[in-house]
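*Asks:* Below are the chains, spelled out letter by letter.
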Amino acid sequence: MDTVLDTAFFVAWFEDAAKVIRLRREDLTRLDAAIGDADHGVNLDRGFTEVRKALADWPPASPVQVLVSAGTTLIRRVGGASGPLYGSAFRQMGKALEEPVTLARFAGAFEAGVVAVERLGKAAPGDKTMLDALVPASRALAQAVHEGLEPREAFERAARAAEEGTQATIPMRARKGRASYLGERSVGHEDPGAASSALIVASLVTVAGGMPDGMTDDVADGADGAGG
Amino acid sequence: MDTVLDTAFFVAWFEDAAKVIRLRREDLTRLDAAIGDADHGVNLDRGFTEVRKALADWPPASPVQVLVSAGTTLIRRVGGASGPLYGSAFRQMGKALEEPVTLARFAGAFEAGVVAVERLGKAAPGDKTMLDALVPASRALAQAVHEGLEPREAFERAARAAEEGTQATIPMRARKGRASYLGERSVGHEDPGAASSALIVASLVTVAGGMPDGMTDDVADGADGAGG
Amino acid sequence: MKKLINSADSVVGDALNGLAAAHPSLRVLGQVVYRASGPRAGKVGLVSGGGSGHEPLHAGFVGYGMLDAACPGEIFTSPVPDQIIEATRAVDGGAGVLHIVKNYTGDVLNFEMAAELCDDVEVASVLVDDDVAVQDSLYTAGRRGTGATLFVEKIAGALAEEGAPLAEVVRVAGEVDERSRSFGIALTSCTTPAAGEPTFDLPDDRVELGIGIHGEPGRNRAPMAPARELAGLAMEAVHGDLPLRGELLVMVNGMGGTPLLELYVVFAEVEAFVRGKGARVARSLVGNYVTSLDMQGFSVTVCRLDDELTRLWDAPVETPGLRWGR
Amino acid sequence: MKKLINSADSVVGDALNGLAAAHPSLRVLGQVVYRASGPRAGKVGLVSGGGSGHEPLHAGFVGYGMLDAACPGEIFTSPVPDQIIEATRAVDGGAGVLHIVKNYTGDVLNFEMAAELCDDVEVASVLVDDDVAVQDSLYTAGRRGTGATLFVEKIAGALAEEGAPLAEVVRVAGEVDERSRSFGIALTSCTTPAAGEPTFDLPDDRVELGIGIHGEPGRNRAPMAPARELAGLAMEAVHGDLPLRGELLVMVNGMGGTPLLELYVVFAEVEAFVRGKGARVARSLVGNYVTSLDMQGFSVTVCRLDDELTRLWDAPVETPGLRWGR
Ligand SMILES: Nc1ncnc2c1ncn2[C@@H]1O[C@H](COP(=O)(O)OP(=O)(O)O)[C@@H](O)[C@H]1O
Ligand SMILES: Nc1ncnc2c1ncn2[C@@H]1O[C@H](COP(=O)(O)OP(=O)(O)O)[C@@H](O)[C@H]1O
Ligand SMILES: [Mg+2]
Ligand SMILES: [Mg+2]
Ligand SMILES: [Mg+2]
Ligand SMILES: [Mg+2]
Chain A
1 MDTVLDTAFF
11 VAWFEDAAKV
21 IRLRREDLTR
31 LDAAIGDADH
41 GVNLDRGFTE
51 VRKALADWPP
61 ASPVQVLVSA
71 GTTLIRRVGG
81 ASGPLYGSAF
91 RQMGKALEEP
101 VTLARFAGAF
111 EAGVVAVERL
121 GKAAPGDKTM
131 LDALVPASRA
141 LAQAVHEGLE
151 PREAFERAAR
161 AAEEGTQATI
171 PMRARKGRAS
181 YLGERSVGHE
191 DPGAASSALI
201 VASLVTVAGG
211 MPDGMTDDVA
221 DGADGAGG
Chain B
1 MDTVLDTAFF
11 VAWFEDAAKV
21 IRLRREDLTR
31 LDAAIGDADH
41 GVNLDRGFTE
51 VRKALADWPP
61 ASPVQVLVSA
71 GTTLIRRVGG
81 ASGPLYGSAF
91 RQMGKALEEP
101 VTLARFAGAF
111 EAGVVAVERL
121 GKAAPGDKTM
131 LDALVPASRA
141 LAQAVHEGLE
151 PREAFERAAR
161 AAEEGTQATI
171 PMRARKGRAS
181 YLGERSVGHE
191 DPGAASSALI
201 VASLVTVAGG
211 MPDGMTDDVA
221 DGADGAGG
Chain C
1 MKKLINSADS
11 VVGDALNGLA
21 AAHPSLRVLG
31 QVVYRASGPR
41 AGKVGLVSGG
51 GSGHEPLHAG
61 FVGYGMLDAA
71 CPGEIFTSPV
81 PDQIIEATRA
91 VDGGAGVLHI
101 VKNYTGDVLN
111 FEMAAELCDD
121 VEVASVLVDD
131 DVAVQDSLYT
141 AGRRGTGATL
151 FVEKIAGALA
161 EEGAPLAEVV
171 RVAGEVDERS
181 RSFGIALTSC
191 TTPAAGEPTF
201 DLPDDRVELG
211 IGIHGEPGRN
221 RAPMAPAREL
231 AGLAMEAVHG
241 DLPLRGELLV
251 MVNGMGGTPL
261 LELYVVFAEV
271 EAFVRGKGAR
281 VARSLVGNYV
291 TSLDMQGFSV
301 TVCRLDDELT
311 RLWDAPVETP
321 GLRWGR
Chain D
1 MKKLINSADS
11 VVGDALNGLA
21 AAHPSLRVLG
31 QVVYRASGPR
41 AGKVGLVSGG
51 GSGHEPLHAG
61 FVGYGMLDAA
71 CPGEIFTSPV
81 PDQIIEATRA
91 VDGGAGVLHI
101 VKNYTGDVLN
111 FEMAAELCDD
121 VEVASVLVDD
131 DVAVQDSLYT
141 AGRRGTGATL
151 FVEKIAGALA
161 EEGAPLAEVV
171 RVAGEVDERS
181 RSFGIALTSC
191 TTPAAGEPTF
201 DLPDDRVELG
211 IGIHGEPGRN
221 RAPMAPAREL
231 AGLAMEAVHG
241 DLPLRGELLV
251 MVNGMGGTPL
261 LELYVVFAEV
271 EAFVRGKGAR
281 VARSLVGNYV
291 TSLDMQGFSV
301 TVCRLDDELT
311 RLWDAPVETP
321 GLRWGR
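Residue numbers (this note's numbering), protein chains in the order written: chain A, 1 to 228; chain B, 1 to 228; chain C, 1 to 326; chain D, 1 to 326.
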């Protein structure tokens, strides 16, 4: 029987992502200082903190609700380029998500989220943006589904792909976002949005790793503890 | 027979003072940075450069004319506190000077110049101003006249007194000028105006030292060379 | 880093409180700055916004003859759609609302989202993209909006104040943008309150050419040079893109940390350059108008005037940052 | 040090060329800045001046409703008598001339000399000495003139514009000075073009309290603190000297290198302080008005208004640095 990713799993995902972003806030901002305007870590930290608050204040009843609430909160609270982009990604992911959530359905929804980013930002892989982490992650997920892997392993593959995609942004010359203003000078720096995307995907691993095989609602607390 | 200080001597004095002030411009400005507004060297350099130019453009016919021209130029070109103070000093010195200029007459006129500074600035020795160099220099000159010394030795005494007076400003707390705004914090710093006064008095030694015993008009060129 | 703030988190809100306290002509509600007098029936509403840290842009340009509302985001971060939606609805006097948007991905996305969600208001938008340091091509996010934003806000604001319909206001706003070009040079980086350290390091003998207004590094570096040469570099870049001709509106703008004395030195050089090209500075602004926190440096923005634009530029304006004629 | 200048020697002249080019309402002749319109018969002429580096003070305040002429000296160096004499003679419309002099030894001496030599013009002078950081006693050169200079120039200028006789203008100018107090705090030193390095060193965790406007060090240092505390320190110093009461005119002034955003943060605190004392900010200015080159920091100046002063403050003014009502 397929593992089901329940509401608690999604809540735990955002909880963990929020913690990691808080921890890496200064690193992300420093990456943005090199080729942008030194606010990416601050922006995402503000947004994910609000996401946590929203999820606590209005406990969501379903995975779809988690994603839509998170996406809406990011749009409403982040601003900048990354707010609408991440916000739309999660909202579209939520809207595309069928419940109960199997890994295959998760992968499909994830791809819908990535497509939303592509549409909104009019960017493609190779432009040195978050898409250079998200697109490989999405492909890795699809491949894992194809291979019939368990969520944990699938997430590990996606996280690895996102991380590799992030590293691959270093030699790229930016064609979208603020970094594109630097022309050649954008070469040699890691894209902050790709870096934050890799962190968010990696949180899937943490949360899945903290979960016993048969995932249930009360597992979330454990995941939360593991991510803390 | 008394040595006579002729026009060339006075011209040479300002020539030498101008050179020394140019050389020490940054030092004077740095002293002013500590307890003032970092412009004393710049101010005096601008002024004495103009004095040299004026003396070259309208060659003065007498010691009185040298002093009045120099004083007027300083008033017209320096600004700040030191412009009117030095300018008035030299103008009053010129107006008080009887010709031909003996050392005694020079000392009397010098005192008149110092009194002009005291009147204009409403300051007294001990206030941590140029007067702490000028008043001792004036007294030393008077004493040298009393003792019947030759100009060169008299100027040496005056220069020493001015230098000692300048050093004595270091522990003083300023009561006049910008440095007074610092209150206790003015203690421990040399007054820039005293320092420049000591340089100007020291130029008398340089110029007198370059002259043979019986001073004549053609002596000035030698003095100029010595000061260069 | 030393800054006159209470905390990095509260700086924008605290500054807005100060703005409201200082200017009875403004009202601040929910991180939107409005004219205290409210919307005027039949007048096109003008809304702009963007990251904070560019003061007086935009909030300082709210008032008679210019903006109806400004939406300040966090430092260097575009505002969120909620602010823009609220502002748009609040300033609508029935004649529609113009969004004046500086061309940055974040500003564009947030204003677009807001506009889509304001389906009850007729919304048009103009994209300001005047910075010649960025080539508009497939390889960039397009030219940045910088100094010309002020020109667009002033001139479109004057036309709106006259009661012109939305389509007319849109046309003139677009015309101002098309006729305007900018180029900026930084002597130092700036320090955002949150980062706490300069965004980039710039040696004492180097300047950064082709900067934007977010403390981002420029296209390249050059040796520090006298004002005449730096002004020449900036003006050549502008002139190379839009030949200087006829009557010009010229702004020499400080980046926030450069004293007015130096801006006037630069203006003298810019004016001489313009004369050298056979053009004329017909109107000018010298000061800190579109800033980048405490950055030292300047930008120059040129707009080729025509009679209509000149008349609208000269029209009365009454804002904290720009005021004449009343 | 990087500055937008051609050379340290030419900076004042170059900036004056820029000022003249930017403002057709001004005329610059022999290092004096005049209204291009010339003197008005029967109107008291207002002349001020002082070292350069404080822009827009004084030259930026020449124009209708304020000064008739400004005499800029070299950087931080008071002007020479020649400038003042020329300005005084040129602006005399037959009703006499008021010299507005900031209380610094250099300014006082040069203006005094000039006044003495202008025996063909009726000259009066007002000494501005508002800075409470300096105690007026036998042990100092007396209180410095800082921010209140702008208030005196504006209010006396408005009265002169109304055609009041010299004695009246002198009275009001003196009244403004008596009712005004200032206190300044620096976060950094400034760098003069000639010296090329900061006038003093200030560690990253310290501020300089009780600074003037010439980059001179203050009375003492204190740990860096949030805006609320720094504003409180400044306001306590002011309030301790002149209890805050009634309607106040308040200026939060930047020292030249501090962005407007931070000045608004400070203003919010100052306004709250005033309210806390039961007084009211009736009029205000927030911006860089009386600066110290590129210094970061602020000063606050408070004037206790009465009906006459409020009316004169509100009267139209049209200068590059201050403009309203026309
Ligand atoms: N058009 C785009 N498409 C996809 N991602 C983009 C685009 N523009 C920018 N980004 C991403 O956004 C990141 C910057 O986010 P952030 O710093 O929060 O916003 P801003 O650039 O407005 O300051 C970049 O590193 C990049 O990954
Ligand atoms: N009232 C005064 N009487 C005598 N000398 C004074 C007085 N005020 C200032 N000075 C002298 O002037 C010097 C400063 O000159 P300067 O820096 O050129 O002028 P400013 O203070 O206007 O910048 C001080 O070091 C002091 O010696
Ligand atoms: Mg950014
Ligand atoms: Mg000085
Ligand atoms: Mg940003
Ligand atoms: Mg000085």
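Treat each hint with caution, since some may be false.
[Unchecked claim] Cut-off 20 Å, straight-line C-alpha distance, at most; resulting in silico cross-link-like pairs (SDA-like, lysine to any residue):
{"id": "1", "chain 1": "C", "residue 1": "Lys2", "chain 2": "D", "residue 2": "Asp82"}
{"id": "2", "chain 1": "B", "residue 1": "Lys53", "chain 2": "D", "residue 2": "Ala225"}
{"id": "3", "chain 1": "A", "residue 1": "Lys122", "chain 2": "C", "residue 2": "Glu112"}
{"id": "4", "chain 1": "A", "residue 1": "Lys122", "chain 2": "C", "residue 2": "Gly276"}
{"id": "5", "chain 1": "B", "residue 1": "Lys53", "chain 2": "D", "residue 2": "Ser10"}
{"id": "6", "chain 1": "A", "residue 1": "Lys19", "chain 2": "C", "residue 2": "Leu166"}
{"id": "7", "chain 1": "D", "residue 1": "Lys2", "chain 2": "C", "residue 2": "Asp205"}
{"id": "8", "chain 1": "D", "residue 1": "Lys2", "chain 2": "C", "residue 2": "Lys277"}
{"id": "9", "chain 1": "C", "residue 1": "Lys277", "chain 2": "C", "residue 2": "Leu233"}
{"id": "10", "chain 1": "D", "residue 1": "Lys2", "chain 2": "D", "residue 2": "Ala225"}
{"id": "11", "chain 1": "A", "residue 1": "Lys122", "chain 2": "C", "residue 2": "Gln135"}
{"id": "12", "chain 1": "D", "residue 1": "Lys2", "chain 2": "C", "residue 2": "Leu233"}
These are calculated hints, taken from the structure and not from any lab test.
*Asks:* Hey, Lys19/A versus Leu166/C, does the alpha-carbon distance stay inside 20 Å?
*Replies:* violated (47 Å)
*Asks:* If you draw a straight line from the CA of Lys53/B to the CA of Ser10/D, is it 20 Å or shorter?
*Replies:* This hinted pair holds, its Cα atoms lying about 19 Å apart.
*Asks:* Holds or violated: Lys2/C and Asp82/D, Cα atoms, limit 20 Å.
*Replies:* violated (42 Å)
*Asks:* So if I understand the rule, the pair passes when the alpha-carbon distance is 20 Å or less; does Lys122/A with Gln135/C pass?
*Replies:* holds (18 Å)
*Asks:* Tell me if the straight-line CA distance from Lys53/B to Ala225/D falls inside 20 Å.
*Replies:* violated (52 Å)
*Asks:* Taking 20 Å as the top limit, are the C-alpha atoms of Lys122/A and Gly276/C close enough?
*Replies:* The given pair, whose Cα atoms are some 43 Å apart, is violated under the 20 Å limit.
*Asks:* For Lys122/A and Glu112/C, compute the direct alpha-carbon distance and say whether it is at most 20 Å.
*Replies:* The hint holds at about 14 Å.
*Asks:* So if I understand the rule, the pair passes when the alpha-carbon distance is 20 Å or less; does Lys2/D with Lys277/C pass?
*Replies:* Not satisfied, since the Cα-Cα distance of roughly 28 Å exceeds 20 Å.
*Asks:* Is the straight-line distance between the alpha-carbon of Lys2/D and that of Leu233/C 20 Å or less?
*Replies:* Distance ~17 Å between Lys2/D and Leu233/C Cα, so the pair holds.
*Asks:* Hinted pair, alpha-carbon criterion (20 Å max): Lys277/C, Leu233/C. Please report holds or violated.
*Replies:* holds (14 Å)
*Asks:* Against the 20 Å threshold, does the CA-CA distance of Lys2/D and Ala225/D hold or violate the hint?
*Replies:* violated (28 Å)
*Asks:* If you draw a straight line from the CA of Lys2/D to the CA of Asp205/C, is it 20 Å or shorter?
*Replies:* holds (8 Å)
Checked against the numbered hints listed earlier, the structure breaks hints 1, 2, 4, 6, 8, 10; every other hint is satisfied.
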